[in-house]
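Colleague: Each chain, letter by letter, is given below.
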Amino acid sequence: MSDRTRVFLVDDHDLFRAGVRAEIGDHVELIGEADAVDAAIELIREREPDVVLLDVHLPGGGGRAVIEAVRETHPDVRFLALSVSDAPQDVVDVVHAGARGYVTKAIRSEELIAAIEKVSNDDAVFSPKLAGFVLDAFTTLAPADVDDELASLTAREREVLQLIARGYTYRETGEALFISVKTVESHVGSVLRKLQLANRNELTRWAAKRELI
Amino acid sequence: MIGALEAACSEIEKRSGVAVELVAVGDRDLGEQTRALVGAARESVMNAARHAGVEKVSVYAEADGDSMWIFVRDRGVGFDPSSVAADRRGIAESVRGRMERHGGSVEIVSSGAGTEVRLLMPVEEIPIDER
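Just so you know, the sequences run in chain order D and E.
For what it's worth, the numbering used here labels the leading residue of the first sequence as 4, then goes sequentially.
For what it's worth, the numbering used here labels the leading residue of the second sequence as 248, then goes sequentially.
Think of the hints as simulated: they come from the structure by calculation, not from any bench.
There's no promise every hint is true.
Capping the alpha-carbon separation at 30 Å, the derived lysine-lysine pairs in DSBU-like fashion look like this [stated by the list, open to error]:
1. Lys108(D) - Lys303(E)
2. Lys261(E) - Lys108(D)
3. Lys132(D) - Lys303(E)
4. Lys132(D) - Lys261(E)
5. Lys212(D) - Lys303(E)
6. Lys108(D) - Lys185(D)
7. Lys132(D) - Lys197(D)
Since the structure is predicted, the reported quantities are computational estimates derived from the model, not experimental observations.
Take the sequences, apply the hints, and build the full model.
Modeller: What follows is the structure, encoded as structure tokens:
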């Protein structure tokens, strides 16, 4: 198949990259790797992958720095963030910077492959943790700095996120709410947009507070 | 509530080798009702870890102004909740009994695609940070 998703991998651990290569190499087209921020930015700009699998904790500025730099010149490149932790600050940081999804490194390979496909189709990938964080953040955030409409979730978006946080797949979420998978995806996409438009300082304050729980 | 739930989940993880993924929204001080809810959730997670035959159990907890919910979900073999009342006192007593004595309710949905235990506890206590 020549239309396989072109994936670029950024992680500073050789063993982890080797593991990802072995696990997903047959399903996507791996077109390059980098182990630090500067090299990643340069190579991604040069090779223009469909999806970048990006470690959140990267020497030289973190995953966030890569997303911000690449999006300035190549807004079509999609990012899927990977991390060992799901600390609220990390999650919010990369998603706010523009990542289309966030998964932990404990993810199974078939789930990772499915997540890469989703992101390459411009859909958002919400793990249960991420869905929980977004619900928590939007419950706590003061809507003062953004339009009310943007700062709050609709009842339906909330229902969708709650089901995802409970471990439902998009398909199961659609079945539970009697809506199509496409509709679930569009709700999740609009939640992601709201998160990216939300006031950054507010999110940081929320994350710091959340860290204490 | 979240602290107690986290402790229970990680204890079960260690003992059973089954991964327990906890997602929490909001929190609440531990009162009698909260303790009962966490206890019932703990039993539910343990049942899932023991009987469902899965590698992972998902737990979602949410607390708002007047209610607390915990959902315990696995993608295991499932069972018929109405047919096990006699031999599985675990569910009857430690989950349902505990919840109902404190004004809560339990709903169990199970099929070949897995099981979800839904625990609801309406409360009057004030949440930790008055959201």
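Colleague: Taking only the CA atoms, is the gap from Lys108(D) to Lys303(E) under or equal to 30 Å?
Modeller: holds (15 Å)
Colleague: Is Lys108(D) within 30 Å of Lys185(D), Cα to Cα?
Modeller: holds (27 Å)
Colleague: Taking only the CA atoms, is the gap from Lys132(D) to Lys197(D) under or equal to 30 Å?
Modeller: With a Cα-Cα distance of about 17 Å, the restraint between Lys132(D) and Lys197(D) holds, given a limit of 30 Å.
Colleague: Between the alpha carbons of Lys261(E) and Lys108(D), is the straight-line distance 30 Å or under?
Modeller: Holds, at about 20 Å.
Colleague: Next pair to validate is Lys132(D) with Lys261(E); report whether the Cα-Cα distance is within 30 Å.
Modeller: holds (21 Å)
Colleague: Do the alpha carbons of Lys212(D) and Lys303(E) lie within 30 Å of each other, as the hint requires?
Modeller: holds (28 Å)
Colleague: Hinted pair, alpha-carbon criterion (30 Å max): Lys132(D), Lys303(E). Please report holds or violated.
Modeller: At roughly 14 Å apart (the allowed maximum being 30 Å), Lys303(E) and Lys132(D) satisfy the hint.
Taken one by one, the earlier hints all hold for this structure without exception.
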